[in-house]
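Given chain A, put chain B in place with the hints provided.
Residue numbers (this note's numbering), protein chains in the order written: chain A, 1 to 182; chain B, 1001 to 1543.
Hints are computed from structural coordinates only; laboratory data are not their basis.
Yeah, the Cβ is synthetic: ideal placement off N, Cα and C, and Gly gets one too.
Treat the hints loosely; a few may be bogus.
Unchecked claim - To give an idea of the interface, some chain A residues facing chain B are shown, with a C-beta separation under 10 angstroms as derived from the structure:
no.	residue
1	Q28
2	E29
3	Q85
4	E147
5	R155
6	R162
Said to hold, decoys possible - In silico DMTMM-like cross-links for lysine to aspartate or glutamate, where the CA-CA straight-line distance does not exceed 20 angstroms:
no.	chain 1	residue 1	chain 2	residue 2
7	A	K149	B	D1265
8	A	K154	B	E1456
9	B	K1149	B	D1070
10	A	K154	B	D1502
11	A	K105	B	E1084
12	B	K1307	B	D1342
13	B	K1116	A	D86
14	A	K17	A	E147
15	B	K1024	A	D86
16	A	K144	B	E1453
17	A	K154	B	E1497
18	B	K1519	B	E1235
19	B	K1116	B	E1023
20	B	K1080	B	E1304
21	B	K1024	A	E124
22	A	K17	B	D1015
23	B	K1522	B	E1537
24	A	K144	B	D1502
25	B	K1156	B	E1453
26	B	K1367	B	D1380
27	B	K1249	B	E1352
28	A	K149	B	D1452
29	B	K1034	A	E143
30	A	K144	B	E1456
31	A	K154	B	D1452
32	B	K1014	A	E16
33	B	K1426	B	D1395
34	A	K149	B	E1497
35	A	K149	B	D1380
36	A	K62	A	D76
37	A	K5	A	E16
38	A	K154	B	E1531
39	B	K1034	A	D86
40	A	K12	B	D1015
The lines below spell out each chain.
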Amino acid sequence: MTLEKMLADNKKTIAEKWFQSIVGSYPQEAQRFFLNLANPITNPVGSTINRGVEGALECLLKGETLESAEIIQWLDDIIRIRAVQDFTAARAVEFVFDLKKVVRKTVGGSISNSGILEELLTFESRIDSLALLAFNVYMQCREKVYELKTNELKRSTARLVRSACRVWESGERCSPEDLKLE
Amino acid sequence: MELHELPKPEDLVKDVKYRKLPEKPWMQEPVDFKPGTYNYPALAKNLKKVHMPNPREWHVDQQDWHLPDDWQEIILKGFKDRLEKYRSFRLFMDICVRCGACADKCHFFLGGGDPKNMPVLRAELIRSVYRNDFTTVGRLLGNLAGGRKLTLPVLKEWFYYFFQCSECRRCSVFCPYGIDTAEVTMIGRELLNLVGLNINWVMEPVANCFMTGNHLGIPPHGLVENWEFMQDDIEEITGIKVNLPINKKGAEILFVVPSGDYFADPGSYTFMGYLAVLHEIGLDYTWSTYASEGGNFGLFTSHEMIKRLNAKIYAEAKRLKVKWILGGECGHMWRVIHQYMDTMNGPADFLEEPVSPITGTKFENAKGTKMVHIAEFTSDLIRHGKLNLDPSRNDHIRVTYHDSCNPARAVGLFEEPRDIIRTVCKNFYEMPEDSIREKTYCCAGGAGLGNDENMEMRMRGGLPRANAVRYVRDQRGVNRLLCMCAIDRATLSTMMEYWAPDVSVGGIHELVANALIMKGEKKRTVDFRGEPIPGVEPDEEEE
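So that you can see chain A by itself, here it is in the shape it has in the complex (with noise of 0.2 angstroms):
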């Protein structure tokens, strides 16, 4: 028996488990209504984190570089969520970690030898770099978040500027008193 194997048949129970971890993270009260996945447009942050985990393990799984374009779009999910939420950057991105915490907890009990063992360092050395892929992900997030405050900027007098361009492309130009503020 592999890792590969041992992970390959625990894949369901890894990720149900990571998932519930990263619900754990949330305040109590709502916990409960994340955890419900029946219907994924009235609990949009609940099966969001859970197709993400469901995928961002897959990948690990197969095997696939980790700056493949479809792993960062899993990561890229959760992240895009948490990153707007109530969290300070560490504990934003946490949950890559917890993913080694379940892989223990699932599979560790089976490691009967110096082999596997070795098999599980390299597949969690593979996690600490998805955490660190995890954090270029949150900074583009915030990144965005400070850009969305520019851009709503630039629309709401969008057609101000244009106005005051076309005024001033025309030649009928206020004189300097005009200008004049209050």
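This is chain B only, laid out in the frame that chain A set:
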């Protein structure tokens, strides 16, 4: 199954997970004001303009909010007055049985997970004070009866959470008792206003509206210039110089729209859409530089302020001697018109029951207010074949429709916008059922919350709406989110940029104008955004 195969009681008990109670009761959890989740206070100059109490400089993140010494008495007196004045408010305080039907219906709760954003708990913030001070059981038993004293942390909690409710009323759809939690928020905000706790994104539009007639504070000549620029833009696109009747006495109809569409993209394209359609049908109407705002942030301040700001619409209709009033694609404006205007500033007995001069349709639903929604008006034009349309001009747009909260839940406008969209665009895809019509999710920017300091909270609250948009984007290739509200057009654009980047936002009349074949128009090579229509090449001389 054989009897011996049945699980034993101890096996069953093993899987029972008793829900633990939270470590600290909710009443003892003070608010943590984190940047990005609260709104900046109203500036003193804006409060002074509308004679609101306690104008001063203060900051949410500072300990001292500079409240009057007798703030508790002021609020409790205000509370008592409102319990006597609004029977609905007393009922809403009394009849909630905390069944939890509303608990997971608020977009802020669904996107953020803060239990105090469950509508039941948000209302409980104020209901607990009601029990403590206004019920016998509460007076005798206090905390045991679910009551609590009005202390400074409680007041701060009110400020935080009543400005985290966008008054969208989704929760009220699910309440078996018909409790309108938005009205609880409205009263909560009224009480906060009594001691000078308001937010600038509400009070600045209120003050501007009071002084100049519109939220942006644009004086009449500024409005005319702006509208003329849009007229020029339409001429560039269509070759037609559309009518722009302003303050025209004796016109048949007064047209009132939200000012949010004057300067901001993509709202401005909707405004240009109105101009094109109303020109094409030759409507005898007028714009007003005084009733230059349909929106009414009084709705987010107090009932008195709703009335003060709304009064200009009938006053202007009277001055200009019109027969009836037409209203544009705005959200909360329609809640005010539909539910308050008639009784607050009516009866509008100097106006006539609206009849479309183009089709002869009598808008009986508007008999009281004498004000018709443009979606009703345009869908009636379409139904009577009065618009010459080429929907293929919108073939590059794949749309879905966001029922803007107030036109949907407060007015019940579900079919008219859909009728119009289906006629002017071939590619229309509905979002999943739980996110449309009366169950529509809010943009999270209504009720004065659409400001940039509150961005994180808006993104959380907008997640349920954006999630449904993403669904149709991924499944159906949707690239345009239509809505019928100026605040939506502004805030959903930001929302999409974060959650569903390939989806743009716009109003319905922009698409109508794209499809509208105007008499004498030149070959259309660009749409109302000035973007090229795919597959249509400009003529050589134009190049």
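Results of checking the hints against the structure:
1. Q28: Q28 of chain A check passes; min Cβ-Cβ to chain B is 5 angstroms, inside 10 angstroms.
2. E29: Since the shortest Cβ distance to chain B is 4 angstroms, the answer is holds.
3. Q85: Result: holds, 6 angstroms to nearest chain B Cβ.
4. E147: holds, 8 angstroms
5. R155: holds, 5 angstroms
6. R162: holds, 7 angstroms
7. A:K149 to B:D1265: holds, 15 angstroms
8. A:K154 to B:E1456: Within the cut-off at roughly 19 angstroms; holds.
9. B:K1149 to B:D1070: Holds, because 15 angstroms separates the two Cα atoms, which is no more than 20 angstroms.
10. A:K154 to B:D1502: holds, 19 angstroms
11. A:K105 to B:E1084: violated, 60 angstroms
12. B:K1307 to B:D1342: With a Cα-Cα distance of about 10 angstroms, the restraint between K1307 of chain B and D1342 of chain B holds, given a limit of 20 angstroms.
13. B:K1116 to A:D86: holds, 13 angstroms
14. A:K17 to A:E147: With a Cα-Cα distance of about 35 angstroms, the restraint between K17 of chain A and E147 of chain A is violated, given a limit of 20 angstroms.
15. B:K1024 to A:D86: At roughly 18 angstroms apart (the allowed maximum being 20 angstroms), D86 of chain A and K1024 of chain B satisfy the hint.
16. A:K144 to B:E1453: Measuring from Cα to Cα gives roughly 14 angstroms; hence the hint holds.
17. A:K154 to B:E1497: holds, 14 angstroms
18. B:K1519 to B:E1235: With Cα atoms ~13 angstroms apart, K1519 of chain B and E1235 of chain B stay inside 20 angstroms; holds.
19. B:K1116 to B:E1023: Roughly 15 angstroms separates the two Cα atoms, so the pair holds.
20. B:K1080 to B:E1304: holds, 17 angstroms
21. B:K1024 to A:E124: violated, 36 angstroms
22. A:K17 to B:D1015: Measuring from Cα to Cα gives roughly 16 angstroms; hence the hint holds.
23. B:K1522 to B:E1537: Distance of about 13 angstroms is within 20 angstroms: holds.
24. A:K144 to B:D1502: holds, 15 angstroms
25. B:K1156 to B:E1453: holds, 18 angstroms
26. B:K1367 to B:D1380: Holds, at roughly 17 angstroms.
27. B:K1249 to B:E1352: Judged against 20 angstroms, a Cα distance of about 16 angstroms means the pair holds.
28. A:K149 to B:D1452: Roughly 6 angstroms separates the two Cα atoms, so the pair holds.
29. B:K1034 to A:E143: holds, 18 angstroms
30. A:K144 to B:E1456: Holds - the C-alpha atoms of E1456 of chain B and K144 of chain A are around 11 angstroms apart, at most 20 angstroms.
31. A:K154 to B:D1452: holds, 12 angstroms
32. B:K1014 to A:E16: With Cα atoms ~19 angstroms apart, K1014 of chain B and E16 of chain A stay inside 20 angstroms; holds.
33. B:K1426 to B:D1395: Given pair K1426 of chain B, D1395 of chain B holds - Cα atoms ~7 angstroms apart, limit 20 angstroms.
34. A:K149 to B:E1497: Status holds; Cα separation ~11 angstroms.
35. A:K149 to B:D1380: With Cα atoms ~39 angstroms apart, K149 of chain A and D1380 of chain B exceed 20 angstroms; violated.
36. A:K62 to A:D76: Measuring from Cα to Cα gives roughly 19 angstroms; hence the hint holds.
37. A:K5 to A:E16: The given pair, whose Cα atoms are some 18 angstroms apart, holds under the 20 angstroms limit.
38. A:K154 to B:E1531: holds, 19 angstroms
39. B:K1034 to A:D86: holds, 8 angstroms
40. A:K12 to B:D1015: Holds. K12 of chain A to D1015 of chain B sits at ~19 angstroms (cutoff 20 angstroms).
Checked against the numbered hints given earlier, this structure breaks hints 11, 14, 21, 35; the rest are met.
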